[in-house]
Amino acid sequence: MIALRSELPLKKGDASGRFVVWLVMVLVFMASIAVTTNAYIGALLGHWSQSVTGTLTIQIPVMLDANDPASTAATEKVLDVLHRHPAVENAATVPREKVTELLKPWFGAGETIADLPLPVLIDVRMSASEASAIAAVSNAVQTAAPGAVIDDHRAWLNRVIGLAEGLGAIALTTMALVTGALGLTIVFATRASLAAFAQVIDVLHVVGAKDGYIAGQFARRALLQSLLGGFAGLAIYAPTLGFIAWLASRIEDGILPDVRFPVSLWLTLAVLPLAAGAIAMITANVTVRRALSAKV
Amino acid sequence: MALVRKKTDFVGDTVQLEAVGLRYADGPDIFSDVSFTIPQSSFHFLTGPSGAGKTSLLSLMYLAKRPTRGKLMLFGDDVTDAKRTRLPAIRRRLGVVFQDFRLLEHMTAFDNVALPLRIANVSETVVERNVSELLKWVGLEEQMQARPSVLSGGQQQRIAIARAVVHRPKLILADEPTGNVDDAIAVRLMQLFVELHKLGASVIIATHNEHLVARFPFPRLHLNEGKVTALPPMQASEIGVVAS
Ligand SMILES: Nc1ncnc2c1ncn2[C@@H]1O[C@H](COP(=O)(O)OP(=O)(O)OP(=O)(O)O)[C@@H](O)[C@H]1O
Ligand SMILES: [Mg+2]
Numbered sequence: 001m002i003a004l005r006s007e008l009p010l011k012k013g014d015a016s017g018r019f020v021v022w023l024v025m026v027l028v029f030m031a032s033i034a035v036t037t038n039a040y041i042g043a044l045l046g047h048w049s050q051s052v053t054g055t056l057t058i059q060i061p062v063m064l065d066a067n068d069p070a071s072t073a074a075t076e077k078v079l080d081v082l083h084r085h086p087a088v089e090n091a092a093t094v095p096r097e098k099v100t101e102l103l104k105p106w107f108g109a110g111e112t113i114a115d116l117p118l119p120v121l122i123d124v125r126m127s128a129s130e131a132s133a134i135a136a137v138s139n140a141v142q143t144a145a146p147g148a149v150i151d152d153h154r155a156w157l158n159r160v161i162g163l164a165e166g167l168g169a170i171a172l173t174t175m176a177l178v179t180g181a182l183g184l185t186i187v188f189a190t191r192a193s194l195a196a197f198a199q200v201i202d203v204l205h206v207v208g209a210k211d212g213y214i215a216g217q218f219a220r221r222a223l224l225q226s227l228l229g230g231f232a233g234l235a236i237y238a239p240t241l242g243f244i245a246w247l248a249s250r251i252e253d254g255i256l257p258d259v260r261f262p263v264s265l266w267l268t269l270a271v272l273p274l275a276a277g278a279i280a281m282i283t284a285n286v287t288v289r290r291a292l293s294a295k296v
Numbered sequence: 001m002a003l004v005r006k007k008t009d010f011v012g013d014t015v016q017l018e019a020v021g022l023r024y025a026d027g028p029d030i031f032s033d034v035s036f037t038i039p040q041s042s043f044h045f046l047t048g049p050s051g052a053g054k055t056s057l058l059s060l061m062y063l064a065k066r067p068t069r070g071k072l073m074l075f076g077d078d079v080t081d082a083k084r085t086r087l088p089a090i091r092r093r094l095g096v097v098f099q100d101f102r103l104l105e106h107m108t109a110f111d112n113v114a115l116p117l118r119i120a121n122v123s124e125t126v127v128e129r130n131v132s133e134l135l136k137w138v139g140l141e142e143q144m145q146a147r148p149s150v151l152s153g154g155q156q157q158r159i160a161i162a163r164a165v166v167h168r169p170k171l172i173l174a175d176e177p178t179g180n181v182d183d184a185i186a187v188r189l190m191q192l193f194v195e196l197h198k199l200g201a202s203v204i205i206a207t208h209n210e211h212l213v214a215r216f217p218f219p220r221l222h223l224n225e226g227k228v229t230a231l232p233p234m235q236a237s238e239i240g241v242v243a244s
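Same order as they appear, the protein sequences are chains A and B.
For the first sequence, this note's numbering assigns the number 1 to the initial residue and increments by one for each residue that follows.
For the second sequence, this note's numbering assigns the number 1 to the initial residue and increments by one for each residue that follows.
Chain A with its partners taken away, still in its complex shape (with noise of 0.2 Å):
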């Protein structure tokens, strides 16, 4: 239980208690932004990969037969072994429209898009992922028209997955160093208040003080100054990120996918200032206890 009452005057306006305040509202700001961008990347990965996982890109080389220069007779045949395979849910073409406004912004929407060569491109979905059904269809995909092109997509998304995991570790550092800062902000500010309340600790001790007690009422205020800070670095952090939300719905449709944060995201965030009290709260006992128990 907190007692209210106070022995030790620790609420006295001391320069130290204010910076304690100031240093863990940055603290957590940052970590906000830590673990807001950990969710933000693990969001984008998931939906990523989800769109990805399941599906097939075959493409069909253009001129592989030169009595055939649009490769007809190929897509056919392989259209046809896709759609009587088992492991395969549905396959079509991608029309050649879709295919030039994919290149559009390489090759601008001028004549010379239209009279280039286009491969053909069949989007597949699997209806079963295991490696083993993808090579199965590759393989049969192989003999239909050899020289067609299958990409699984996973090439491509174990590259982002390393991206993702990279920028994941950075998060993760980041919580970490500003856990090591909280902590030693709250040993020195401890350590200084200490000093400064030498002589009070002294008559608190003579007349039967315990260790606790006084370790409590230090460990009471740095709860309290870490709250104070934590809290006030999640308001400055809300209109940030909604200013971050902003710019980003300010990018075209398709480069970023829409991602909705998960729920664990917002939770997290409330009990960041909690878990930066809890910290601080538990550094300022063993720090006091520790100091205390070098006396008589």
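Bear in mind the hints are in silico, worked out from the structure with no lab data behind them.
Incorrect hints may have been included.
[Stated by the list, open to error] Cβ pair distances, simulated, as ranges:
hint: 1; chain 1: A; residue 1: Trp22; chain 2: B; residue 2: Phe216; range: 57 to 67 Å
hint: 2; chain 1: A; residue 1: Arg191; chain 2: B; residue 2: Glu105; range: 13 to 23 Å
hint: 3; chain 1: B; residue 1: Ser123; chain 2: A; residue 2: Arg290; range: 27 to 37 Å
hint: 4; chain 1: B; residue 1: Arg84; chain 2: A; residue 2: Pro9; range: 21 to 31 Å
hint: 5; chain 1: B; residue 1: Asp78; chain 2: A; residue 2: Trp22; range: 48 to 58 Å
hint: 6; chain 1: A; residue 1: Thr37; chain 2: B; residue 2: Ala146; range: 52 to 62 Å
[Claimed, not checked] Chain B side only, calculated, beta carbon under 7 Å to chain A, not exhaustive:
hint: 7; residue: Arg66
hint: 8; residue: Arg91
hint: 9; residue: Arg102
hint: 10; residue: Leu115
Every residue gets a Cβ at the ideal spot worked out from N, C-alpha and C, and that includes glycine.
Following the hints, complete the assembly by docking chain B with the ligands onto the known chain A.
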């Protein structure tokens, strides 16, 4: 279990020093080989010239320092090397008046006096009653809500004494408790200590004031050049004669 004596039932000597020595850091011995016994419900003056080590000797007894050598017993308990966690319980049976008062500046006179009771989790109604009564007794009824810094030296000293006795300690250690008050108040404060002594507390009062010592028929422990000598109550005729 019947053989295990509860601490509160303690009968025996309040303080016992055996060949105790003390020095600060690398300094010389303040005293060495000091032995004496303070029986239960006794009253002693601790005399000796300035710098003799009276405050140092008291601070061993109120557990602010540990003896460099020898053995110290309080309430029948060997506290020479007692674990730190055992000390608060022992300290709560002591009442200490510091030579320099050591009142807490951020608290009112009332809260300063209430401190030992609150630390021991005594209920607020009892705190309210006992503290007010005691402050009235020492003549500070009007100053209960004042901060120590706005009070006179003598008033601060009375707060310091009230704080030392409010929790009815078994051993009272007072360091020059009447150094800042006039004779009339000094005698009244001494009466407070005598009352507590009659109620069963052991009292040790360190002082230079020979007139005060001569006024009360209590034995003396005289500290000089690192040695403690037990002396009988002082006679008025001894005033001004340096004890050796
Ligand atoms: N914290 C300390 N560190 C080093 N030396 C100290 C310390 N406190 C006291 N001394 C030394 O110990 C000796 C005894 O001091 P102490 O205060 O016990 O004397 P005292 O008898 O109480 O004197 P007074 O009557 O003036 O109060 C002195 O020589 C003093 O210099
Ligand atoms: Mg002294």
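Against the structure, the hints come out as follows:
no.: 1; hint: Trp22/A <-> Phe216/B: 57 to 67 Å; in the structure: holds (59 Å)
no.: 2; hint: Arg191/A <-> Glu105/B: 13 to 23 Å; in the structure: holds (22 Å)
no.: 3; hint: Ser123/B <-> Arg290/A: 27 to 37 Å; in the structure: holds (33 Å)
no.: 4; hint: Arg84/B <-> Pro9/A: 21 to 31 Å; in the structure: holds (24 Å)
no.: 5; hint: Asp78/B <-> Trp22/A: 48 to 58 Å; in the structure: holds (50 Å)
no.: 6; hint: Thr37/A <-> Ala146/B: 52 to 62 Å; in the structure: holds (57 Å)
no.: 7; hint: Arg66; in the structure: holds (6 Å)
no.: 8; hint: Arg91; in the structure: holds (4 Å)
no.: 9; hint: Arg102; in the structure: holds (5 Å)
no.: 10; hint: Leu115; in the structure: holds (5 Å)
The structure agrees with every numbered hint stated previously.
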